[in-house]
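Model the full assembly from the supplied sequences, consistent with the hints where possible.
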Amino acid sequence: MILRLGSIIRKEFIQILRDRRTLAIILVIPIMQLILLGYAATTDIKNVPLGVWDQSRSPQSRALLDAFRSANYFTIAYDVRSLDDVRDLIEGGRVRGVLIIPPDYALHLAQDDAQVSLILDGSDATAGSTALSAAQLIGQAYATSVSADQGALLGRSAALKPPVDVRTQVWYNPDLVSAYFMIPGVIGMILYAIASILTATTIVRERERGTIEQLIVTPIRSWELVVGKILPYVIVSFLDTFEVLIIGHWWFGIPIRGDLGLILITSGLLLLSSLGIGLLASTIANTQQEAYLTVWLTLLPSIFLSGFFFPLEAMPPVLQAVAYAIPLRYYLIIIRALLIKGVGLAAIQNEVSALTIFGVVIMGLAAVRFRKRLD
Amino acid sequence: MPDSNLLIDATDLARRFGPTQAVAGVSIHVRAGEIYGLVGSDGAGKTTTIRLLCGALQPDAGTVTICGWDVQKQTEEARSQLGYLSQRFSLYEDLTVLENIRFFAEVRGMRSGEWLPRCMAILEFVGLASFKDRRAGQLSGGMKQKLGLASALVTRPRVLLLDEPTTGVDPVTRQDFWQLLISLVSTPLLPEAAQPASPGGRAAEAAGSVAVLLSTPYMDEAARCGRVGFMRRGRIIAEGTPSELRGMLKDRILELSGAPIKLLRRLAQADQAVEDVRAFGDRLHLRIREGAAPGVMERLPSEIRGGGGRSDRLRSIPPQLEDVFIYLSEQSYE
Numbered sequence: 001m002i003l004r005l006g007s008i009i010r011k012e013f014i015q016i017l018r019d020r021r022t023l024a025i026i027l028v029i030p031i032m033q034l035i036l037l038g039y040a041a042t043t044d045i046k047n048v049p050l051g052v053w054d055q056s057r058s059p060q061s062r063a064l065l066d067a068f069r070s071a072n073y074f075t076i077a078y079d080v081r082s083l084d085d086v087r088d089l090i091e092g093g094r095v096r097g098v099l100i101i102p103p104d105y106a107l108h109l110a111q112d113d114a115q116v117s118l119i120l121d122g123s124d125a126t127a128g129s130t131a132l133s134a135a136q137l138i139g140q141a142y143a144t145s146v147s148a149d150q151g152a153l154l155g156r157s158a159a160l161k162p163p164v165d166v167r168t169q170v171w172y173n174p175d176l177v178s179a180y181f182m183i184p185g186v187i188g189m190i191l192y193a194i195a196s197i198l199t200a201t202t203i204v205r206e207r208e209r210g211t212i213e214q215l216i217v218t219p220i221r222s223w224e225l226v227v228g229k230i231l232p233y234v235i236v237s238f239l240d241t242f243e244v245l246i247i248g249h250w251w252f253g254i255p256i257r258g259d260l261g262l263i264l265i266t267s268g269l270l271l272l273s274s275l276g277i278g279l280l281a282s283t284i285a286n287t288q289q290e291a292y293l294t295v296w297l298t299l300l301p302s303i304f305l306s307g308f309f310f311p312l313e314a315m316p317p318v319l320q321a322v323a324y325a326i327p328l329r330y331y332l333i334i335i336r337a338l339l340i341k342g343v344g345l346a347a348i349q350n351e352v353s354a355l356t357i358f359g360v361v362i363m364g365l366a367a368v369r370f371r372k373r374l375d
Numbered sequence: 001m002p003d004s005n006l007l008i009d010a011t012d013l014a015r016r017f018g019p020t021q022a023v024a025g026v027s028i029h030v031r032a033g034e035i036y037g038l039v040g041s042d043g044a045g046k047t048t049t050i051r052l053l054c055g056a057l058q059p060d061a062g063t064v065t066i067c068g069w070d071v072q073k074q075t076e077e078a079r080s081q082l083g084y085l086s087q088r089f090s091l092y093e094d095l096t097v098l099e100n101i102r103f104f105a106e107v108r109g110m111r112s113g114e115w116l117p118r119c120m121a122i123l124e125f126v127g128l129a130s131f132k133d134r135r136a137g138q139l140s141g142g143m144k145q146k147l148g149l150a151s152a153l154v155t156r157p158r159v160l161l162l163d164e165p166t167t168g169v170d171p172v173t174r175q176d177f178w179q180l181l182i183s184l185v186s187t188p189l190l191p192e193a194a195q196p197a198s199p200g201g202r203a204a205e206a207a208g209s210v211a212v213l214l215s216t217p218y219m220d221e222a223a224r225c226g227r228v229g230f231m232r233r234g235r236i237i238a239e240g241t242p243s244e245l246r247g248m249l250k251d252r253i254l255e256l257s258g259a260p261i262k263l264l265r266r267l268a269q270a271d272q273a274v275e276d277v278r279a280f281g282d283r284l285h286l287r288i289r290e291g292a293a294p295g296v297m298e299r300l301p302s303e304i305r306g307g308g309g310r311s312d313r314l315r316s317i318p319p320q321l322e323d324v325f326i327y328l329s330e331q332s333y334e
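Chains as they are written, first to last, in our numbering: chain A, 1 to 375; chain B, 1 to 334.
Hint data in this document are derived by calculation from the structure and do not stem from the laboratory. Check before you lean on any hint, since a few could be wrong.
Straight-line alpha carbon distances no greater than 25 Å define the calculated DMTMM-like cross-link-like pairs of lysine to aspartate or glutamate that follow [claimed, not checked]:
#1 A/LYS46 x A/ASP85
#2 B/LYS73 x A/ASP85
#3 B/LYS132 x A/ASP19
In structure tokens:
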């Protein structure tokens with residue numbers, strides 16, 4: 001039995017190493033996803049062009065501007081003289097925002113209730129809100145409250161809002177680097193997508209190429225075939241996980257604050273679900289193409305509803321409810337908490353239990369459906 | 001166990017695919033040392049029968065025992081005695097010849113110490129030793145079939161089930177293949193080392209320990225089998241040694257030559273006693289009703305002369321298996 005299992009695993013590894021397409025999926029896709037999602041899908045802002053209307057022209061106001069400059073978020077591109085300038089610059093897209101420092105800034109700063117106003121181009125909501133929080137953080141450092149008006153292009157007047165002294169404090173990821181959000185997600189994606197696609201296609205391949213006929217008449221039992229074929233991909237998936245963790249840690253500076261053992265165990269729990277999905281797809285599909293499409297059919301909604309790209313909290317309640325049926329959702333919460341916050345098991349026990357239940361149920365269903373037969 | 005030499009014992013097998021009754025009550029018994037040939041037109045149920053025998057398909061009814069083991073209940077024991085070669089090449093094209101054989105040797109329970117000499121012996125036996133490091137996908141059709149046979153043989157099964165093993169294989173390789181089969185059933189155990197098989201050894205007479213069941217579309221191959229079962233619409237409608245089967249049409253095949261061939265054919269077909277006319281090269285084979293030979297031989301030549309033609313020869317010939325095959329294929333289904 002062990003011998004049979006061993007020879008299936010060995011055979012599978014030889015095939016993996018000789019199949020360029022599988023190798024590409026295993027080696028290239030994780031790195032590609034890392035680079036794409038670590039760099040391109042970033043919501044971080046840098047060097048946002050900013051206009052400045054410094055009505056104070058005092059050493060204090062210049063110190064504030066220096067702080068804006070040195071933070072790298074903004075580039076002070078224009079000196080503004082009038083409200084018309086503000087409108088022209090923003091409408092022309094030459095600046096994303098204008099900082100207005102009132103004439104009595106220095107005076108108020110001394111009294112500790114200084115305010116400045118930031119007019120932001122709200123047409124790009126993501127960049128706008130990130131710029132706002134950046135400005136607030138910088139302002140706080142100077143005991144200055146920044147009030148913002150994001151409606152510039154909606155035709156509203158650029159009147160100063162009543163000053164609200166919002167004191168924000170960001171934990172775990174003070175620079176709000178979006179890679180912190182994305183890269184743990186990439187680990188989840190890889191465990192979920194690669195494992196299920198490879199499992200489905202490797203089993204269907206035996207059927208498509210007719211090799212299953214020869215396997216059927218050997219004394220191999222169904223479960224030995226399944227385990228023997230899946231195990232290499234479990235190993236490969238974990239290697240991919242390490243690959244992403246290592247590159248994420250050393251290149252993108254993602255912290256690994258949680259317990260590595262816990263990370264591996266919970267990753268294994270997610271694998272249970274994704275291997276089960278792949279196995280289920282293999283019982284439905286007759287060709288590798290069909291298997292691939294079947295898996296993608298379940299993967300796509302999973303990825304969008306798991307909170308991989310978009311925060312779960314921002315979704316309408318119906319979709320939030322649907323998301324409870326997606327194993328990846330729980331894993332993403334777990335892995336982000338483990339890596340970035342470094343929490344212990346107690347903080348994530350609900351998610352871990354949910355993931356376990358999903359894994360066992362999906363795997364069980366797949367095992368019941370899978371038969372080493374031709375009919 | 002009533003008869004330890006009865007290696008394949010299938011009774012009343014039936015299997016339906018949707019509305020199609022692919023196999024409808026097939027019983028096959030093959031003894032050690034026997035080569036049994038399953039013939040029949042495409043769709044007659046040969047492949048389904050073989051798949052039922054090896055347990056790749058579940059029968060709706062009937063039982064199969066292989067070497068006394070029930071294929072459905074004692075699956076693992078039965079399969080350890082079974083070598084199966086499917087119609088389609090079913091080994092791994094991305095593995096080498098040796099890797100393929102090793103894989104199937106190991107999953108059939110061969111320990112690591114014994115597989116290598118055993119694999120090499122088998123590869124020598126089928127003549128693939130010098131190709132052992134070639135990927136299976138790069139072998140020719142004939143070599144693929146030999147590799148299939150080799151991996152089916154590597155654990156010395158006592159029962160071999162071969163589904164059209166020589167379809168698409170050139171005549172020389174077919175000849176090799178048959179020599180392998182014959183030496184397999186006529187030797188008590190598989191030869192350890194390479195041994196060119198001696199031709200001509202009739203399988204049924206030799207007391208070998210292996211039973212072979214194969215399906216084939218070629219009548220010359222059927223003629224080499226110890227026993228032949230003729231399948232039609234999921235049933236075996238005739239079974240026997242090749243000579244027994246040929247005996248079914250004893251004195252019922254006439255050979256006619258002459259000119260013009262069109263006239264000969266038309267007149268022969270018009271004769272009440274003639275059931276079937278087929279061209280074999282420049283001659284015609286007439287199948288006639290039982291006992292009608294003297295009458296036909298008397299009146300047909302004069303009719304041909306009367307029609308302005310020439311009949312050179314009309315004589316009774318021993319029937320070929322091909323004649324029997326066509327005769328059986330045309331029988332109305334009752």
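Hint check results:
For the proposed pair A/LYS46 and A/ASP85, the alpha carbon gap of about 23 Å is at most 25 Å, so the pair holds. Note on B/LYS73 and A/ASP85: the hinted pairing is violated, with a Cα-Cα distance of about 89 Å set against a maximum of 25 Å. For the suggested pair B/LYS132 and A/ASP19, the alpha carbons sit about 20 Å apart, so the restraint of at most 25 Å is met.
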